[in-house]
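Top line first, the protein sequences correspond to chains A and B. Residue 23 in UniProt numbering sits at position 23 of the first sequence, and the numbers go up by one each step. Residue 35 in UniProt numbering sits at position 35 of the second sequence, and the numbers go up by one each step.
Hints listed in this document are in silico derivations from the structure and should not be mistaken for laboratory results.
Below, a list of computed lysine-lysine pairs in the DSS-like style, where the Cα atoms sit at most 27 angstroms apart:
hint, chain 1, residue 1, chain 2, residue 2
1, B, 41, B, 105
2, A, 307, B, 150
3, B, 111, A, 307
4, B, 207, B, 41
5, A, 310, B, 105
6, B, 105, A, 307
7, B, 206, B, 135
8, B, 111, A, 310
9, B, 207, B, 135
10, B, 150, A, 310
11, B, 135, B, 150
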Amino acid sequence: MHTMTPGQIRALIARGKMRDTLFQALGIICLAIGLMVIFLLVGDMLMRGVERLNIEFFTEFASRRAAQSGILSAWVGSLLVMLVTGAAAVPLGVAAGIYLEEYARRSWVTDIIEINITNLAAVPSIVYGLLALGIFVYTFGFGQSILSAGLTLALLILPIVIVSTREAIRSIPAMIREGSMAVGATRWQTCRYHIIPYAMPGILTGVIIGLARAIGETAPIITIGALTFIAFLPPVPFTATGMDGASAGLFDWVMSPFTVMPIQIFNWTSRPDPAFEVNAAAAGFVLMGMVLSMNALAIWLRYRMRKTIKW
Amino acid sequence: MQTQDITQPQHPLKAEARNLSFYYGAVKALKGINMPIHDKKVTALIGPSGCGKSTYLRSFNRMHDLYPGNRYEGEIRFFPDNTNLLSADVDPIEVRMRVGMVFQKPNPFPKSIFENVAYGLRVRGLSNKRLLDEKVEQALRSAALWDEVKDRLQALAPTLSGGQQQRLCIARALATDPELLLFDEPTSALDPIATGAIEELVHELKKRVTILIVTHNMQQAARVSDYTAYMYLGEMIEFGNTDEIFMKPNDRRTEDYITGRMG
Ligand SMILES: Nc1ncnc2c1ncn2[C@@H]1O[C@H](COP(=O)(O)OP(=O)(O)OP(=O)(O)O)[C@@H](O)[C@H]1O
Ligand SMILES: [Mg+2]
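Given only the sequences and the hints, what does the whole structure look like? Please build it.
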């Protein structure tokens, strides 16, 4: 090739820069569209529901009169279901992820498991509901309880937890693992002192993203039979319950009937009285707030991880 | 293979490779290596890139066992107990408890300086705070790092400079009193001053531990080692006293490599 003159070089660079600018503009436009949709949705719900967003809205049960209805049983229910979901999905998912990354030898069996986990993430959530109805509600006899709901959603987010655990583990350099094994550590010691702590921020990020998905799930929860109207809270441990005055056990609440935020919203939108739509918008705004703050927590964790764990 | 001087016993042996071959799956990376490792001496491994130095070194602490598909043939006898390190009956963890390793790139854990050095002891079940303190200080002193870090033992190890990190990794390996210490190009990521510090350290350490060191740097091999082995394409071409290998190598290929005509 012949030598280019300075003029030709400059023209070439100018053309390249032009494309840079074009691509940047395109990216910003796409980003703006995405952000605008979220802002519009949240803003719209906020505007329509703002008159109901006061303390009473959070401390009152649902009622037949829209103006006095609140989301107390719904947000408490959502929180407790998430607690069970997390308590079940985290140990199971993390253990499975660690096993697959650190212990299992590559073979066709692990390949099949891998494909299955990926597919599991794509199973429609209603199918998990049907499965749970058969297994948790009837076979295990957990009934239409917080426990059944929590375990169902745990199944739903298990693939997310497993995949994020494996990704977090894979981002740990091999030389760290070798450094640990080289002083005579066992696999378990290496996991306990290094792999798990270093992967933890990544695992937590996955767990939170999973929970943020689970908290908005409606279909499987309806399938296993959450109540749409409920005017009591699950028993608080060690307090007197009901008429007999007996003290509630530490885990009695898991067997309690419940409702959750999305079901409450669904219930309100299906009422003929338009006043309930205001409630639905307000509750939708609160649910959005819950999900977004969970995502914010995940982002913050990731940021902290990048800052504190360097190789 | 040509050997010099090993017929007349000069020093007791710490280890001896006997007809050692190694396979990465179907790839034969080591081809029937025989070589003595003299006790409390520094043995350098030299040879062109890809000749199998790291592969050979990592056989001594069974590092290859971490990955599937790897296979050893032959023996590495370890003295004085005459154990075959490669035997299927010998637990690789037991081997690693006796043979320490320092890697090419410093690989401190993202934990405190103290925890990095204490790790090997914790793995062995030591939890007594006073004893840990004592052993950690001892190891850091042996690694010539104590004076630089004694006021910030709780600082994160990755905040140290590259040379300090490498000495920290040496301290980590020393804390558990290994009988044999493996170095895989420990100074290739360091500047000349940090390199000098490590070389001096190696010289100091051979009073108490046997050392096997891979290096690409001919001067380094000449400076720090008592014995030198030249490897080529997975074979041990020549082994002998460092002086003799560098002054009057027996094998043409060794001479070519040392004089820079190859490699
Ligand atoms: N994991 C592996 N799988 C397959 N072949 C490998 C693997 N690691 C190394 N090899 C091959 O084994 C041979 C020896 O490699 P080794 O890393 O021991 O060389 P080396 O002498 O240490 O080289 P260098 O001086 O560049 O570090 C090379 O041909 C290399 O390609
Ligand atoms: Mg190498």
